[in-house]
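Residue numbers (the working numbering): 6 to 310.
Simulated from the structure, these hints should not be mistaken for lab results. C-beta: ideal position from N, C-alpha, C; glycine also. Take the hints with a grain of salt, since some may be wrong.
Unchecked claim - Restraint ranges, calculated between C-beta atoms of paired labels, are given here:
no.: 1; residue 1: L237; residue 2: R48; range: 18 to 26 Å
no.: 2; residue 1: T253; residue 2: P165; range: 53 to 61 Å
no.: 3; residue 1: P165; residue 2: W214; range: 16 to 24 Å
no.: 4; residue 1: V139; residue 2: R48; range: 37 to 45 Å
no.: 5; residue 1: P196; residue 2: W87; range: 29 to 37 Å
no.: 6; residue 1: V204; residue 2: W108; range: 48 to 56 Å
no.: 7; residue 1: E247; residue 2: A203; range: 35 to 43 Å
no.: 8; residue 1: V161; residue 2: A231; range: 36 to 44 Å
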Amino acid sequence: MVLWPYGSGVDPLELLITNDVLRVMDLLGVFVMGVAAGALASRLNFDAVGFAVIGITAALGGGIVRDLVLDYGVPAAFAGPWYLTCALAGAGFSYVVAAEGAWWRHVVSVLDITAMSLWAATGTAKSLAYGLDVLPAILLGITSAVGGGVIRDVLVGRIPAIFGGSPLYATGALLTAVLTWVVVALGLPSPLVLIAVAVGSLLAGIAAWRRWTLPGHNEWQVTMSAAQLKRLVRRTRKDERERVARATGTIPVVDASADELAADAAADDVDAAGYEGRIFPGPPAEELPGTVEHERRDESGPRQA
């Protein structure tokens with residue numbers, strides 16, 4: 006049994022699991038998720054089995070994945086009849102009743118968002134209670150919230166909605182998970198977890214109302230036409246030429262009439278003796294036997310004093 010490693014307050018997981026009001030909200034969220042999944046099954050013309058499978062998967066898939074990763078034993082969804090009953094009831098409601106009005110969709114969206122934030126808080130708190138580090142705990146909290154929807158979308162053969170183009174549900178779940186960790190890490194009173202749930206729900210709700218989405222990959226790409234690319238290359242070359250001109254313009258010009266190094270460069274000394282005669286004019290120094298100059302003198306005749 007892993008002891009609660011954070012703070013000295015009441016375990017937020019105890020609040021989330023044992024509170025009757027939150028438990029009712031949790032089950033209501035399972036029901037609503039089953040309804041939403043059933044509405045999708047209705048649009049795809051599934052039969053009763055398809056409704057049941059999609060409803061259970063969407064409503065309970067995230068929590069089941071979380072509990073399996075935590076090695077929790079029997080997942081909470083299978084520990085009693087209530088979770089499965091609510092998921093099947095939601096899918097069955099959509100199977101029997103065609104609720105397509107705008108007001109109904111708004112109600113389902115609000116309840117769906119609230120349930121996902123609550124699941125994000127529950128998943129994060131439970132993961133921290135089982136000894137996971139911060140990042141894995143937050144990841145499992147998000148998985149608890151949106152994992153069922155991802156599995157549902159994969160089953161019906163479409164790209165999961167959280168991967169782009171949908172409201173900020175996963176972002177709201179992330180915010181809730183982070184704030185839940187802050188409450189746990191600082192040992193704050195457990196009821197503050199409800200503020201984390203409210204903040205994440207508010208963000209997701211406003212995003213759904215204002216149709217906010219995260220920017221897609223193409224929105225961050227830099228695209229240039231051929232003409233723009235040519236102008237960029239020409240401008241870059243011009244700037245480089247100007248830079249080189251400025252740098253080389255500071256190099257002083259060598260004056261051959263006043264600079265000894267320039268005279269050395271212009272001289273045509275054939276050997277060291279020629280260089281010595283030009284640099285040190287006057288009577289030649291005594292030559293040492295065995296040197297190249299001494300041997301050359303011996304071959305050409307006696308040296309003139």
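Right, here's what the structure says about each hint:
Evaluation of the 18 to 26 Å hint for L237 and R48 yields a failure: the beta carbon distance comes to about 48 Å. At roughly 59 Å, the beta carbons of T253 and P165 sit within the given window of 53 to 61 Å. Hint check: P165 to W214, Cβ distance near 22 Å, so the stated range 16 to 24 Å holds. For the pair V139 and R48, the beta carbons lie near 39 Å from each other, so the given range of 37 to 45 Å is met.
In this structure, P196 and W87 break the distance hint of 29 to 37 Å, their C-beta atoms being roughly 24 Å apart. Judged by the Cβ atoms, the range 48 to 56 Å given for V204 and W108 is violated: they are separated by roughly 26 Å. In this structure, E247 and A203 break the distance hint of 35 to 43 Å, their C-beta atoms being roughly 59 Å apart. One distance hint, 36 to 44 Å for the beta-carbon pair V161 and A231, holds here, with the actual separation near 42 Å.
Consistency with the previously given hints fails for numbers 1, 5, 6, 7, ordered from lowest to highest.
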